[in-house]
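S.K.: Listed here are the chains, written in short residue letters.
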Amino acid sequence: MDACVRRGLASDCPIVIAVRTIWEHRQVLRMLVRRDLQRQYTTFRLGYLWTLLEPLGMAAVLWFVFSVLLGARSFGLSPYLLFIVLGVLPWWWFLKGMRASTKVFRRARGELIFSLLPTQIWILRVIISSGIEFVLSLPILIIAMAITQSIPGPLIVLFPVAMVMQFIAMYGLALIIAPAVALTPDLGRTVRIVLRSLFYFTPILYTLGRIPEVLQNVAAINPLVGVFGLYRIGWWPDEAIPPSALVVSVASTLVIVVIGVIVFHRLEPRVLKEA
Amino acid sequence: MARIRIEPNLESAVDFRHVSLALPKRKRRQGGGRRQRLRRLAGETRREEFAAVTDASFTVHPGESVLVLGARSAHRRALLRLAAGTVLPDSGTVERRFLWVPMIDLARTLGRGFTVRHNIYLLGGLLGMTPDQVAEFVADIADSAGLASKLDRHLGQAPASVRQKLAWTTAMATNAQAFAIDEVLAVGEPAFRAQCFAHIAELRSRGVTFLVASEAPRQLDAHFDRSLYIDDESRIHALDVDGGIERMRAARRALRSDEDPQDSEDDN
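Line by line, the protein sequences are chains G and W.
Per this note's numbering, the first sequence starts with residue 1, numbered consecutively.
Per this note's numbering, the second sequence starts with residue 1001, numbered consecutively.
Next up, chain G with everything else stripped away, as it sits in the complex (with noise of 0.2 Å):
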């Protein structure tokens, strides 16, 4: 950023002109997608429903054994069924994309060679795309609204802001991860591992209120933990996520996100060298 000051001409400015790239061909980059939600309905018999059927069989799941079997409900918030719902959810987006972009580069090889695109552009597909099967699962959460009967209250706006955040969140991390794998596989491994745990350290099946509060800021690293509380905070507007937490999260995804795009920066001429 401090060349593109000292220059004087915010239009040299790589990151400008990355963004301005991108929107040019937003085109190509509705078609992949549209290209990638096609596969996915067109090779199940069942098709759309598996969107539904696959979190929602995670969430019931989830649901019976913390809540009937362990009598653990108390670690969430109540409703906990709409609790989970709200958790499983968003999570699957992420677990998606995350999966996902441990593949990208193996997957675009060919496309890779001629390709006069942003080599970002494979990278934002799969986040699209994930996100979009996301938006098209939240009938489950409406669902869930009604057997609880349970009804939003005004921070309910927040939700589309956490929709954003844990795009900006996943596109950060992706940048990363994508290259990162494309130039030592064995790191797609780790990346499934690491995913893994996550599930257990983000506050899906609990709240962050549940945790020490010494521990509960560094858990906010986390980028999750304030994107699922900004989901939550429209149902539970007082315990969805500590103000603090939040400031924290917001803050480690822009440093996430500065990061990645140093990284890939950094990694793209080898990753084309891979192609």
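Some hints here could point you the wrong way.
[Stated by the list, open to error] Just some of the chain W residues that point at chain G, by a computed CB distance under 10 Å:
#1 P1102
#2 G1111
#3 T1130
[Unchecked claim] To be clear about the criterion: a stretch of chain G counts as covered by chain W if any three or more of its residues have a C-beta under 8 Å from a C-beta of chain W, and this derived list gives those stretches:
#4 25-32
#5 35-44
#6 103-114
#7 265-273
Hints are computed from structural coordinates only; laboratory data are not their basis.
Virtual Cβ for every residue (Gly too), placed ideally from N, Cα, C.
Following the hints, position chain W against chain G.
M.R.: Same frame as chain G, now just chain W:
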């Protein structure tokens, strides 16, 4: 990232200055997965590279058409990718005056689960066309690939020749001022090849620049002004067309005679 930089004020179509590039070696198939994994477990993380282009300095002027020769396809392809900017040099600079459309393995992207129309839009998009631009040509493209009546059907198991035609005509519809073409002309039906050459000739007369890599330079000589020969040490020699072809044949013969004694040793 706008990694493909265009310098509209440049005089030449593409200008290489002391360009070197090393590429990772393709993983060897033999040995299978377990051996690879064991080697990695043992700490072997360094991956071998080979020099694809070493200290290349040359210029291609607008309107020229240049044949890229060399015994190894990886070297030729690397040169085309460098010219188009889809791979960046390790050292040195490549400058280009306009966008080069790389026509390298385009047919591989065509998805059989998608309609012909969709495939044309996507390939066009990847080559930098907007959907509006593609819309103008989509009928023509399908027509010259012989798929006019199947525009909204799935590409399915279309034969390789049809896919190749589709890719070729889509790339040509970009109306670019320069093309970097790999191998397309070596395969395909004779009739289609003739059509491609007619097309190239027509574009040449309009001042379009070409960089064409080929393994089988027979019958090509008439279409080119000169050649670039990449030797085994990945150094580039600017030659005339006949000189390049001669050099390539000699290299092939040498390669063959090198291989023969090795084979007999293995037998023993």
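S.K.: Hint by hint, say whether it matches the structure.
M.R.: These are the hints, each one checked on the structure:
| no. | hint | in the structure |
| --- | --- | --- |
| 1 | P1102 | holds, 4 Å |
| 2 | G1111 | holds, 7 Å |
| 3 | T1130 | holds, 6 Å |
| 4 | 25-32 | holds (count 5) |
| 5 | 35-44 | holds (count 4) |
| 6 | 103-114 | holds (count 5) |
| 7 | 265-273 | holds (count 5) |
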